[in-house]
Amino acid sequence: MNQLSTTGFLYAIFAVLFCYMIDQRRPAGILGRLLVIGVSALFIAGAFLMGFFRTQLQGS
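Numbering-wise, the sequence shown is residues 364 to 423 according to our numbering.
None of these hints come from the bench; they were simulated from the model.
Any given hint could turn out to be false.
Unchecked claim - Restraint-style ranges between C-beta atoms, simulated for each label pair:
#1 L394 with F415: 16 to 24 Å
#2 Q419 with G395: 31 to 39 Å
#3 F377 with L397: 30 to 38 Å
#4 L394 with Q421: 39 to 47 Å
#5 L380 with L412: 17 to 25 Å
#6 L380 with F416: 24 to 32 Å
#7 Q419 with I376: 21 to 29 Å
Ideal Cβ positions, reconstructed from N, Cα and C, are used throughout, including at glycine.
Just need the whole structure built from these sequences, with the hints factored in.
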């Protein structure tokens, strides 16, 4: 569980920095912001799923 939260936290930080860089380069409209939020949500969800499956495989 500790490894899972750490991986998710690192991916969340990476996603936030990535979104911040995109926002600084060119100010996007509402559509661009929604796209950035969706991408960061996918990153975080992917990190949690990867950590979850990794712990499940190690347990069995």
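Here is how each hint holds up against the structure:
1. Restraint check, L394 to F415: a C-beta distance of roughly 31 Å breaks the suggested window 16 to 24 Å.
2. Distance hint check: the CB atoms of Q419 and G395 are about 36 Å apart, consistent with the given range 31 to 39 Å.
3. Restraint check, F377 to L397: a C-beta distance of roughly 19 Å breaks the suggested window 30 to 38 Å.
4. Range check, L394 to Q421: about 41 Å between beta-carbon atoms, so the 39 to 47 Å window is met.
5. Look at L380 against L412: about 21 Å separates their beta carbons, and that is inside 17 to 25 Å.
6. One distance hint, 24 to 32 Å for the beta-carbon pair L380 and F416, holds here, with the actual separation near 25 Å.
7. Q419 and I376 have their C-beta atoms about 25 Å apart, which keeps the hinted 21 to 29 Å range intact.
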